[in-house]
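Listed below, chain by chain, are the residues.
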Amino acid sequence: MAETNLLFILLVGIFVGGAAGFLGSFMVLKRMALVGDAFTHVALPGMAVALLLNYDPMIGAFAALAVAALGIWYFEETSRVYPEALVGVFFTTALAIGVLITPQTELLEALFGSIEKITFGEGLLAILLSVAVLIVTCLISKKLILGVISEELAKSVGVSKSKINLIYLFLVAVTVTLGVRFVGTLLMGALVIVPAASAKNISSSLDSYYILSILFGVASAVVGVTLAQPLNIASGPAVVLTSTFFFLATFLAKQLVEKE
Amino acid sequence: MVNVKQPLLKVSNLFVELEEHPILEDISFEVERGETLAIIGPNGAGKTVLFRTLLGLVPHKGKIEWEPGVKIGYVPQKLSVEPDLPLTVREFLSFKDRSFEEIETELAAVGLEKDILHHQLGVLSGGQLQRVLIAWALLGGPDVLLFDEPTSGVDIAAGETIYSLLHKLQASRKLTMLLISHDLQVVFQHATKVLCLSKERICYGPPKEALDSVTLAKLFGVEVAHNHNEHHHG
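From first to last, the protein sequence lines stand for chains A and B.
If you count by this note's numbering, then the first sequence holds residues 1 to 260, one letter each, in order.
If you count by this note's numbering, then the second sequence holds residues 1001 to 1234, one letter each, in order.
Chain A on its own, in the form it takes in the complex:
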């Protein structure tokens, strides 16, 4: 596989990180941070099955994520109390099975990503899909938030929370698929959740919250990938640790402001 240059990898990272950060901002407000994180693990058995059947593992990842998204949506629609424990058990089981059936040679990459090996075509597709995700998310953002704060208010202005949630979860499935290549199935959840959690620490309006979620996602990708090469570490963990750093910094800033 041809070595793709660093600038191109960074560009892919910027778009995928931005899309993940934006989508994550709703996940955090929906109080689904843990579910959203565990959700990304189902990509692994999907990839494993695709590899065994000689398909592109990304197709397998997306198929598994789409099915899991439907499952989450179904629970959201039908249960009054969200079955968080059940969802957690299910997704962790999926991860365990995935680890068992993924060929050993592919396992590390599947778990932690391999952005360095991305081809130009794959990268371009990731950028285009990220842009599409950003646009669609932007279009449904008001409706999503309205559904979060009151289903009745949403309904009174003709918004179907159920339809909007399904679109949203589908967008998450797309973005996680893109991110799995980037930071791996084990860490993608962090790239969705942590930038938004960081942004929430220091935002008082939706506008700043969205923008900061995207910026933290982008910055995590850029700083992580840039540091990974000279330090000779895997880029996935580097990206996630960078996002953790932003979280700690914003958390401390929040504590300081509240003390005053």
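Hints in this document: simulated from the structure, not taken from any laboratory.
Virtual Cβ for every residue (Gly too), placed ideally from N, Cα, C.
One should not assume that every hint holds.
[Unchecked claim] A short, non-exhaustive set of chain A residues, derived as facing chain B with CB atoms under 8 Å:
{"hint": "1", "residue": "LEU29"}
{"hint": "2", "residue": "LEU139"}
{"hint": "3", "residue": "ILE140"}
{"hint": "4", "residue": "ILE145"}
{"hint": "5", "residue": "LEU146"}
{"hint": "6", "residue": "SER150"}
{"hint": "7", "residue": "GLU152"}
{"hint": "8", "residue": "LYS155"}
{"hint": "9", "residue": "SER204"}
{"hint": "10", "residue": "SER208"}
{"hint": "11", "residue": "ILE211"}
{"hint": "12", "residue": "THR226"}
{"hint": "13", "residue": "GLN229"}
{"hint": "14", "residue": "GLN255"}
{"hint": "15", "residue": "LYS259"}
{"hint": "16", "residue": "GLU260"}
[Claimed, not checked] Partner residues are not named here, just some residues of chain A that face chain B (Cβ under 8 Å, in silico):
{"hint": "17", "residue": "LYS142"}
{"hint": "18", "residue": "ILE149"}
{"hint": "19", "residue": "GLU151"}
{"hint": "20", "residue": "LEU153"}
{"hint": "21", "residue": "SER156"}
{"hint": "22", "residue": "VAL157"}
{"hint": "23", "residue": "LYS200"}
{"hint": "24", "residue": "SER203"}
{"hint": "25", "residue": "SER205"}
{"hint": "26", "residue": "TYR209"}
{"hint": "27", "residue": "VAL222"}
Place chain B on chain A using the hints.
For chain B alone, kept in the frame of chain A given last:
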């Protein structure tokens, strides 16, 4: 169509079950334009479920007929917002896609100052939030307002109460009003009709006719009715 004047809302033989428990049984009532229907009943009587059903959020049996094209403004009891939700009042009100001038007009109509626009929704007092929610419901010029009174946590603002505000709005805008209330005095003062709920319909009609002591005892239990009397005398 026959030349009979349709009511704004006609509910016939409404049944609602949630997880196989009956919540509402055989509820029928009508609301004409310009009327104020008060809905009263003990906790768990199904009042909020009735509103949710009227909005089309709850599966049901029986008929709910709104006048075609009617615009509904809904004022919920509360919102599920955390204090640190990054959402300002201005952003919340702009969800309705109305002009900023209209937002300012409705804010003034509910007695709020413009500077509240920059506050976070989660840090408002109960009374402020309620007024913001009324302003939200008024945006876009609804024909009917569904008002779910909070059971607690609302500070009584000096001067105008929320009910005199609603009454004023109703008169100036010819609004039809459905309100869930916990205050019988409000019902007697403002409602043209009252619907007493306790799963089933306990009473229905003009308050002075429908709300006799037997009905109140049946609705709230003897002790509560007794307390209510004391309250009136005291």
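How the hints compare with the structure:
1. LEU29: Since the shortest Cβ distance to chain B is 7 Å, the answer is holds.
2. LEU139: violated (13 Å)
3. ILE140: violated (12 Å)
4. ILE145: The hint holds - A:ILE145 has a Cβ within 8 Å of chain B, the shortest such distance being about 7 Å.
5. LEU146: holds (6 Å)
6. SER150: holds (5 Å)
7. GLU152: holds (5 Å)
8. LYS155: At 5 Å from the nearest chain B Cβ, A:LYS155 passes the 8 Å test, so the hint holds.
9. SER204: Status holds, d = 5 Å.
10. SER208: Holds - the Cβ of A:SER208 comes within 8 Å of chain B, reaching about 7 Å at its closest.
11. ILE211: violated (11 Å)
12. THR226: violated (29 Å)
13. GLN229: At about 35 Å, which exceeds the 8 Å cut-off, the nearest Cβ of chain B leaves the hint on A:GLN229 violated.
14. GLN255: violated (13 Å)
15. LYS259: Where the cut-off is 8 Å and the nearest Cβ of chain B is about 16 Å from A:LYS259, the hint is violated.
16. GLU260: With a closest approach of 16 Å, the A:GLU260 hint is violated.
17. LYS142: With Cβ-Cβ at 5 Å, under 8 Å, it holds.
18. ILE149: This hint holds: A:ILE149 lies near chain B, its Cβ roughly 5 Å from the closest one there, short of 8 Å.
19. GLU151: holds (7 Å)
20. LEU153: Holds: closest Cβ of chain B sits about 6 Å from A:LEU153, inside 8 Å.
21. SER156: holds (4 Å)
22. VAL157: holds (6 Å)
23. LYS200: holds (6 Å)
24. SER203: holds (4 Å)
25. SER205: Status holds, d = 5 Å.
26. TYR209: holds (4 Å)
27. VAL222: violated (24 Å)
The structure is inconsistent with the numbered hints 2, 3, 11, 12, 13, 14, 15, 16 and 27, although it conforms to all the rest.
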